[in-house]
Amino acid sequence: MSVSENVVGAGGTSLAPAQTGTVLRVEGLSKTFPGTRALDDVSIEIARGEIHALMGQNGSGKSTLIKLLAAYHSADAGATAEMDGAEFEIGKTVPHGLRFVHQDLGLILELSAQDNLALRGGFARGFGGRVLWRQQEAETRRILAAFDVDLDIHRPLAAATPVERTVVAIAAALQGWDGDGVLVLDEPTAVLPHDEVQRLFDVVAQVRKRGTSVLYVSHRMDEIFALADRVTVLRGGRRVGTYDIDGLDSRKLATLMVGNDVDPDFRADVVARTDTSVTLEARDVHGKWLRGVTLEARAGEILGIAGLAGAGTLELPYVLAGQGGPLASGELRLPQRSEEWHDVRSAGQLGIPLVPSDRQTEGVIAEFSVGENLSLSSLRGLGRTGHLSGGQERQLVEQWSARLGVVTAGPSAPISTLSGGNQQKVVLARCLAISPDVLVLCEPTAGVDIGTRVAIYRIIADLAAAGLTVIVASSDEGDLLALSTRILVLRHGVVAEELATDGLTKNELIRAIEGAGQ
Amino acid sequence: MSIKVEEKTVAAPNATKAEPRSGGTSRWVNMLAFDKVGAIYVWIAIVIVFSFWAPDTFPNITTAKQILNSNAITGLAALAVTIPLAARVFDLSFALNMTLCGVAVAHFVVDGIPLGVALALGVLIGLAVGLINATVVVVMKIDSFIATLATGSLIQALITLVTNDTPISDAKLSGGFSKIGQTTVGGITLPVLYFALVAVGIWYLLEHTATGRRLYATGFNPDAARLAGVSVARLQFMTLVTSGVLSGATGIVLASILGGGSPTAGTPYLLPGFAAVFLGATQLKNGRFNAGGTIIAVLLLGTGTTGLGLANAPQWSGALFVGIVLIAALMVTGLQRRTTLTARAPAVDEAEPQPA
Numbered sequence: 001m002s003v004s005e006n007v008v009g010a011g012g013t014s015l016a017p018a019q020t021g022t023v024l025r026v027e028g029l030s031k032t033f034p035g036t037r038a039l040d041d042v043s044i045e046i047a048r049g050e051i052h053a054l055m056g057q058n059g060s061g062k063s064t065l066i067k068l069l070a071a072y073h074s075a076d077a078g079a080t081a082e083m084d085g086a087e088f089e090i091g092k093t094v095p096h097g098l099r100f101v102h103q104d105l106g107l108i109l110e111l112s113a114q115d116n117l118a119l120r121g122g123f124a125r126g127f128g129g130r131v132l133w134r135q136q137e138a139e140t141r142r143i144l145a146a147f148d149v150d151l152d153i154h155r156p157l158a159a160a161t162p163v164e165r166t167v168v169a170i171a172a173a174l175q176g177w178d179g180d181g182v183l184v185l186d187e188p189t190a191v192l193p194h195d196e197v198q199r200l201f202d203v204v205a206q207v208r209k210r211g212t213s214v215l216y217v218s219h220r221m222d223e224i225f226a227l228a229d230r231v232t233v234l235r236g237g238r239r240v241g242t243y244d245i246d247g248l249d250s251r252k253l254a255t256l257m258v259g260n261d262v263d264p265d266f267r268a269d270v271v272a273r274t275d276t277s278v279t280l281e282a283r284d285v286h287g288k289w290l291r292g293v294t295l296e297a298r299a300g301e302i303l304g305i306a307g308l309a310g311a312g313t314l315e316l317p318y319v320l321a322g323q324g325g326p327l328a329s330g331e332l333r334l335p336q337r338s339e340e341w342h343d344v345r346s347a348g349q350l351g352i353p354l355v356p357s358d359r360q361t362e363g364v365i366a367e368f369s370v371g372e373n374l375s376l377s378s379l380r381g382l383g384r385t386g387h388l389s390g391g392q393e394r395q396l397v398e399q400w401s402a403r404l405g406v407v408t409a410g411p412s413a414p415i416s417t418l419s420g421g422n423q424q425k426v427v428l429a430r431c432l433a434i435s436p437d438v439l440v441l442c443e444p445t446a447g448v449d450i451g452t453r454v455a456i457y458r459i460i461a462d463l464a465a466a467g468l469t470v471i472v473a474s475s476d477e478g479d480l481l482a483l484s485t486r487i488l489v490l491r492h493g494v495v496a497e498e499l500a501t502d503g504l505t506k507n508e509l510i511r512a513i514e515g516a517g518q
Numbered sequence: 001m002s003i004k005v006e007e008k009t010v011a012a013p014n015a016t017k018a019e020p021r022s023g024g025t026s027r028w029v030n031m032l033a034f035d036k037v038g039a040i041y042v043w044i045a046i047v048i049v050f051s052f053w054a055p056d057t058f059p060n061i062t063t064a065k066q067i068l069n070s071n072a073i074t075g076l077a078a079l080a081v082t083i084p085l086a087a088r089v090f091d092l093s094f095a096l097n098m099t100l101c102g103v104a105v106a107h108f109v110v111d112g113i114p115l116g117v118a119l120a121l122g123v124l125i126g127l128a129v130g131l132i133n134a135t136v137v138v139v140m141k142i143d144s145f146i147a148t149l150a151t152g153s154l155i156q157a158l159i160t161l162v163t164n165d166t167p168i169s170d171a172k173l174s175g176g177f178s179k180i181g182q183t184t185v186g187g188i189t190l191p192v193l194y195f196a197l198v199a200v201g202i203w204y205l206l207e208h209t210a211t212g213r214r215l216y217a218t219g220f221n222p223d224a225a226r227l228a229g230v231s232v233a234r235l236q237f238m239t240l241v242t243s244g245v246l247s248g249a250t251g252i253v254l255a256s257i258l259g260g261g262s263p264t265a266g267t268p269y270l271l272p273g274f275a276a277v278f279l280g281a282t283q284l285k286n287g288r289f290n291a292g293g294t295i296i297a298v299l300l301l302g303t304g305t306t307g308l309g310l311a312n313a314p315q316w317s318g319a320l321f322v323g324i325v326l327i328a329a330l331m332v333t334g335l336q337r338r339t340t341l342t343a344r345a346p347a348v349d350e351a352e353p354q355p356a
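Those protein sequence lines, which keep their order, are chains D and P.
Heads up, the first sequence is in our numbering, so the first residue is 1 and it goes up one at a time.
Heads up, the second sequence is in our numbering, so the first residue is 1 and it goes up one at a time.
These are calculated hints, taken from the structure and not from any lab test.
Warning: the hint list may mix true and false statements.
If you want a taste of the chain P side facing chain D, the calculated C-beta under 7 Å gives, among others [said to hold, decoys possible]:
1. Thr57
2. Ala210
3. Arg234
Calculated Cβ distances over 10 Å to all of chain D for the following chain P residues [said to hold, decoys possible]:
4. Tyr41
5. Phe52
6. Ala171
7. Leu227
8. Val230
Where is the CB? At the ideal position from N, CA and C, for every residue including glycine.
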């Protein structure tokens, strides 16, 4: 099947740039970091009122381009840029009509929507600097009304849903600007659960309706097909080209990004197992979202966990790894090791490693080297009685780096010099280095480009073929379809459905996740 | 496949970079780099400056010994808080703990309790303080900065209870008790030896044990460390127990040097202790609190303040010097980190997956 089957239309027809003119034009843009050419003679042209996607793998130069537009980096000499016909110095100044919503949204979650908007747009002030709260409130409501969002503007944003926060960030970026302009959305869905993506699309469509162009950066191909009019593809710091979305399909787009025929509908070569012995049993698992999940997994099986946000999908892996926090309850058993049931709160000692969902905050230790990150879980085995043997550590790190194909300058290179996909491989290697029977993964390919994504799929599939039990929870159906031998669909914290993946289509899976026909 | 070639050119500068381990020469060059041991160059500069400024009093072996002897306690205090800081736990109560253990042992000795027992009791008090700190911070989950400020106040209450805010002095204190801190070997006092021993111990712990690695992991990213199987809470607990024992022992040595129990003995070491650790963290292993860096920092700050004294600079110049050095070091480190962050090349994934 093709991903574009699943298009959820954002409304509006494709606008040909020739008819509407160009709002932003950048030419000959390069950026050299010491030792690396991050961007090489890149040009991009955004038409008035279009949604223009920017795609590329990690390290393709996408984020460098955005950072140059935002004047966070300075550009190499030789670039020209103009906005609405007026030239500006890219990398030094940001034209008034160019607005940004960065991936982290840049909001203060402890403050309300009103305060967040006012911090950027200014407070309505009267005599002596007194804030005119009534006027301020009216202004806030006026701004948010344009986005059709129903939100308590006085509540801290921490209590708002992720999509509401994204909308506030978009509103904050656009306030005080009524012209055409360009809104840059950098991976806006990275933090959104699947079922909220559609609401964001509606908001983006509204932004376009006011005449503002959108430069939309994303990893997710189905979004590009659902939303964008044109797409500019970068690869290795160079521009591959700009294409009308109508003339592309997901395979073509993937090829443009990777430069090599990678199958976006890759399915790992694993077979469903019912003959092997059960390696993990969980019963009556509760948590913040989970309401009594019972499951068992077999050796050599890759068990997928699917579900909407709030169904407990992304909580279950943490509970199984004994990291469920104070709300978790339930019992676990590893029948091959013992018949004894363990409380999930003390399941950390069972040694079930977890690849966590958020690599930056829970996975890598940014200040550590590649080697220190990789060996962190297996330090006990390196040397005798507390002594840490540098030689043994190095051997372990080199062995695993080679096995998983981690691209790095060496074990002592800082982890932050690696791309997202390679950092993920290091976290995966850390988990595998303790030789587990069961491996739990949560969002294993978040922020990982297609090439590395398939590499990670293959690694996991090979491990399963060698007898490892893998449990993978993901909000990305692509992960589940590529890997799983069997999928448990969670709804409202319980297992609602069990799907065999043989012949399962993406649409069938999505329907099951959304509980259609219930 | 075509992309491979392009990527190689992008990745090449990274991939071909020599490993610091591989070559003998590059290893030494790397070890002497300004961003690793900048404080040593500053220290050499200071020595030269004072050799010209106070040529009669500064450049001789007596001054060198004096610098070591008068900074051993600062060094011990700094080492005491190095371990908790490695795990990003603050022990602000350490200076008052020093005072408490010092006056307690002085009190016991004056009471006629045998020296060995008195010393053991003193260290046990330090241990108890550590356990209380650890319980408040780790079990009750109160931020260590505030928590140890609060327990410091409790310790102050005990100090006042023991001393009535008057120093404890007695002829009994000039016996064996005074030998602990006042014995000299070739002009070097015993506390310098203690400092060296503790520094070696902490260096080994942080650099060459699994526990040390886990402490740093805990300090840098406790969530990631926990998910990687590190017992974060237990380690944080142990760091405060360790600093309790170490600062207690340091306080006893200080009381021995002073020849009695002063109710304010430890307080002057609070700021120099933290200054030395934070300055030390900018040395050798950038951003990591480490024993070697702490030694360099203590020597640098000690040489500066001693030199200013010998050069008859005004009284206030010592504190000014410490403040300026600390700000300068942290600023330079911050700048270095920012340059490496912005200069960081966005690395490129390999296109061809190479599974196991």
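Evaluated hints:
A least Cβ separation of about 43 Å between Thr57 (chain P) and chain D goes past the 7 Å threshold, and the interface hint is therefore violated. Given the 7 Å rule on beta carbons, the hint for Ala210 (chain P) holds: about 4 Å separates it from the nearest Cβ of chain D. Look at Arg234 (chain P): its Cβ only gets to about 12 Å from chain D, farther than 7 Å, so that hint breaks. Remark: the non-interface label on Tyr41 (chain P) is consistent with the geometry, its nearest Cβ contact in chain D lying 24 Å away (cut-off 10 Å).
The beta carbon of Phe52 (chain P) is kept farther than 10 Å from every beta carbon of chain D, the shortest such distance being approximately 39 Å. Residue placement check: Ala171 (chain P) keeps its beta carbon more than 10 Å from all beta carbons of chain D (closest about 45 Å). A cut-off of 10 Å between C-beta atoms contradicts the statement that Leu227 (chain P) is not in contact with chain D; the least separation is 5 Å. At the 10 Å boundary, the C-beta of Val230 (chain P) falls inside the reach of chain D, the nearest C-beta of that chain being 7 Å off.
When each numbered hint is compared with the structure, violations occur for hints 1, 3, 7, 8.
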